[in-house]
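Chain by chain, the residues:
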Amino acid sequence: MHLIETRDLCYVYPGNVTALDHINFIVPRNARIAVIGSNGAGKSTLFKHFNGIFKPTSGSVLVRGEPITKQNQREIRKFVGIVFQNPDDQIFSPTVEQDVAFGPTNLGLDAETIEHRVHEALHIVGIEHLAKRVPHHLSGGEKKRVAIAGVIAMEPEVLVLDEPTAGLDPRGVADLSTFINSLSAKYGMTVVFSTHDVALVPEVADYIYVMDRGRIVASGTTSEIFVQPDMLKSVRLDVPVLPRLLKALQDNGVEVSMAYTYSGAEKSLLRAFGKRS
Amino acid sequence: MIETLFQIERDAYKDSPVHRLDARVKIVIAFAAIIALVAVPYSTMIYSVGAIFFLFFCLLWACTRLSPVIYVKRALAIIPLWGVIIFFQIFLKNKYYTTYDVVMSLPFGINIYAQSIEFAFILLVKFVVCISFIILLSSTTKIQDILEGGARMGLPAEFALALGMMIRYLFVFGYMLRKINESLKTKCFDAFDRHLPYRYRLRQLGYTIGTMFIRSYEQGERVYTSMLCRGYGRESYLFVSRKPLKNTEWAFLGCSMLFIIAVPITFWVTATRLI
Chain A
1 MHLIETRDLC YVYPGNVTAL DHINFIVPRN ARIAVIGSNG AGKSTLFKHF NGIFKPTSGS
61 VLVRGEPITK QNQREIRKFV GIVFQNPDDQ IFSPTVEQDV AFGPTNLGLD AETIEHRVHE
121 ALHIVGIEHL AKRVPHHLSG GEKKRVAIAG VIAMEPEVLV LDEPTAGLDP RGVADLSTFI
181 NSLSAKYGMT VVFSTHDVAL VPEVADYIYV MDRGRIVASG TTSEIFVQPD MLKSVRLDVP
241 VLPRLLKALQ DNGVEVSMAY TYSGAEKSLL RAFGKRS
Chain B
278 MIETLFQIER DAYKDSPVHR LDARVKIVIA FAAIIALVAV PYSTMIYSVG AIFFLFFCLL
338 WACTRLSPVI YVKRALAIIP LWGVIIFFQI FLKNKYYTTY DVVMSLPFGI NIYAQSIEFA
398 FILLVKFVVC ISFIILLSST TKIQDILEGG ARMGLPAEFA LALGMMIRYL FVFGYMLRKI
458 NESLKTKCFD AFDRHLPYRY RLRQLGYTIG TMFIRSYEQG ERVYTSMLCR GYGRESYLFV
518 SRKPLKNTEW AFLGCSMLFI IAVPITFWVT ATRLI
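From first to last, the protein sequence lines stand for chains A and B. Counting along the first sequence from 1, when you hit position 270 you're at 270 in the working numbering, and nothing is skipped either side. In the working numbering, each residue's number is its place in the second sequence (first place is 1) plus 277.
I should point out that these hints are in silico values taken from the structure, not numbers from a laboratory. Predicted model only: the values in this text are computed from it and were never measured. This list has only true hints and no planted wrong ones.
Pairwise CB distance ranges (calculated):
{"#": "1", "chain 1": "A", "residue 1": "Ser38", "chain 2": "B", "residue 2": "Phe490", "range": "24 to 34 Å"}
{"#": "2", "chain 1": "A", "residue 1": "Arg133", "chain 2": "B", "residue 2": "Leu369", "range": "42 to 52 Å"}
{"#": "3", "chain 1": "A", "residue 1": "His129", "chain 2": "B", "residue 2": "Lys523", "range": "20 to 30 Å"}
{"#": "4", "chain 1": "A", "residue 1": "Pro170", "chain 2": "B", "residue 2": "Ile362", "range": "50 to 60 Å"}
{"#": "5", "chain 1": "A", "residue 1": "Gly126", "chain 2": "B", "residue 2": "Tyr452", "range": "22 to 32 Å"}
{"#": "6", "chain 1": "B", "residue 1": "Leu535", "chain 2": "A", "residue 2": "Thr113", "range": "34 to 44 Å"}
Where a beta carbon is used, it is the ideal one built from N, C-alpha and C, also for glycine.
Please construct the entire structure, taking both the sequences and the accompanying hints into account.
What follows is the structure in structure tokens.
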């Protein structure tokens, strides 16, 4: 049984705009899944189906094997936490502490447990010092962390991040990548995220779905997806710089093995140039 | 206007003994002073009570280390609201006097009465002192602290949550408005530039206001969606952690309350005995 599964999911917006077209999507336990695609591909619309915000026009969404109903809606929203692209949409309380406490409060927890969860969530994202601050005094990266903490405080098993790197500086992106990996490795959380930043994907994802105009056009592991430059170009994406460079070296006769992450490419190049065995 | 909001916030973030007081202490003192002043009967007794309360306010303001100019500017900003109401009292008779002496007669049968002028002055004193305490509260307490203080004193959960969101998005839209203004300036648009046709300027301002409305509507939709994602329901409320008052705050609150209650009662008892 998968944590989340969509079967032939279709969604049509008012005005007859097809946003999702027969989507079959699977989220196994403890996976890190990237959904890549250009603007308007349907990534955010797909995510809003995972916890019942949107109802499918046709097809079905199963969470832990069960369809989403009005009765289990609250339980499912606790199970699947969604972090939206713009933190200003998600941070609506006057202070960071109160905002992070919003989810646990809605779960009906007592004050002591709420305080504990708030403290833990802020600790996980490394912003304990911001607890008493007001959101409009925070930077974009800090706001993003507050938004993530607000969802983590509900202790979801699946964390869905919609464009988590949007508006972050390179250091913010690096921190986020470490954070996503730690969520999976340390806390056993399943992470699904969407991005345009193809360079980030090999560092963070085990499995990739490529979306275009509401359809899934490809899916597979990093090595399966990033060997298809023509397919990626056809959906307005590209192969990350490192595998592209290694491919160019291979094509020019340099004996270098293919790698997708920074550390993998470093090892591969050092080996190729005889600097390390 | 929006810059005033940011300025009030900057002042509230400064440090002083009054700033450091718990919001509940300041809320109680401000509202106690207002209730005490409103409760004082409409007589010239209010001049003495008002003067003593104003001295108390001045003492507190001096402790805030904020410039008196800030206070004067904020008090004057409210003039259009209460100044007009007070001014018109001089033309009207009211229930507090039985006889009226005409000081000046104006066309169309309009008269200015001596008793109405006195009544207007009494109102003026009440308004000025009450508003002074509100300015003191808003200038030395962060908005979120006022809300938390209110929630700790029993403000209904529904109000606290709604007010909390209002505070949050007041600033979000403040920044949005600032960005729109910057964008208009970048494109050399000035609503007061007489070289530009009047209709054109009006239309552009209309577009700007319309954009703000649409963006606020869209923002509302997105926020509601994200609230649902975090389990928002009928029982949702704003979480406020427990925070007991310190002994010094209790002492200050006690002394202030004693003062606020004792002053009007003393004057009232004295005036009653004289009668």
